[in-house]
Amino acid sequence: MTGAGSAAVPGPLVPGRTVLSAKALNRVTEATAAAELRVPAREVRASIGDAQGRLSLSVAAPTALEALGQRGERLPLAERLEGSRRSIASRVEQLTGHLVGRCELTVTGAQFPPERRVR
Amino acid sequence: MSAHAAQRIIRRETHSGRSLGAILVALLALGVAAWLGTETVLHLLGREALLLAPGTPVALLAEPSGTELPAWATAVAVGVLILGVIAILAALLPGRSRARSEALDAAAVVVEDRALAARLARSAQLAAGVPAQQVSVQLSRSAARVLITPRSGVPVDPERVREAISAEPELARLSPRLRLTVAVNPSGKVGT
Chain A
1 MTGAGSAAVP GPLVPGRTVL SAKALNRVTE ATAAAELRVP AREVRASIGD AQGRLSLSVA
61 APTALEALGQ RGERLPLAER LEGSRRSIAS RVEQLTGHLV GRCELTVTGA QFPPERRVR
Chain B
1 MSAHAAQRII RRETHSGRSL GAILVALLAL GVAAWLGTET VLHLLGREAL LLAPGTPVAL
61 LAEPSGTELP AWATAVAVGV LILGVIAILA ALLPGRSRAR SEALDAAAVV VEDRALAARL
121 ARSAQLAAGV PAQQVSVQLS RSAARVLITP RSGVPVDPER VREAISAEPE LARLSPRLRL
181 TVAVNPSGKV GT
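For the protein sequence lines, the chains are A and B, in the order given. Counting with our numbering, you get residues 1 to 119 for the letters of the first sequence. Counting with our numbering, you get residues 1 to 192 for the letters of the second sequence.
Just so you know, the hints here were simulated from the structure itself, not pulled from any lab data. Keep in mind it's a predicted model, so treat the numbers as computed, not measured. Please note that the accuracy of each hint is not assured.
Covered by chain B, according to a simulated footprint, are these stretches of chain A (three or more residues, beta-carbon under 8 Å) [unchecked claim]:
#: 1; segment: 43–52
#: 2; segment: 87–101
Derived contacts from chain A toward chain B, CB cut-off under 8 Å, selection only [unchecked claim]:
#: 3; residue: Val19
#: 4; residue: Leu20
#: 5; residue: Ser21
#: 6; residue: Ala22
#: 7; residue: Leu25
#: 8; residue: Leu55
Don't be surprised by glycine CBs; every beta carbon is placed ideally from N, CA and C.
Throw the hints in and build the complete structure from the sequences for me.
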């Protein structure tokens, strides 16, 4: 972000720049994807590239599935994951202030949360 | 300082001198003339030539075609041709150095292109919010071309950068005036 470009930011204008490194963008993407897919962040791999001047996100992660028949999602898996992909993109955009031009989501596996005993 | 003197100084500073070349050519001509004179005298006295009797080159040219010229003659010819081309270019080309003048009443000001390009790059960099290595400036005699590689996800408005650069007071004083174009690289760099 440049001082000149962010008139909405409060406080006096100070020369300099704030930079989100590629690593920071990477971590934000991984954390966002982990929250979206409800899996631990350490199992998510993201890589960041450029897509015509915008960010290109590419995420590889497992997804959490509810145990069959329990509180199941109504949507088919593919549609649900498409929704996740879109919300990862928009959430990263919202968090970092960087425009996202492309987002690839590769689901590498499925995790089933431990079944809770019926009390 | 009179305007005329300022003009002269600016001209000297923005064009490379030709005096060294002129001196070398004059010395060469002097040497060749002296040698030709010596050979002629030796020939008239019936002595042996130092390098070549005066008639030899003509005789070589007059030989029926098909006979090979000696290798040294070809080498000399090529050397003379190269020297001749260099001399003609030096005489005709303006020999502008990488600098231009600024119009200030009181002084003759000459700006080197490197300094000017650095100035424009800095201005562009601040306006675009990108690191210095993502701005490149090309200067020609009457045009400046600024290329900005944006940071991925952070669009750069070339028009705003253009305005910021145009605001540099130095630009208005340059002669000739620079035509300024700002281009933004379609692909950005991540995390810079």
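request  = Would you list, in rising numerical order, the hints stated earlier that this structure does not obey?
outcome  = Result: no hint breaks.
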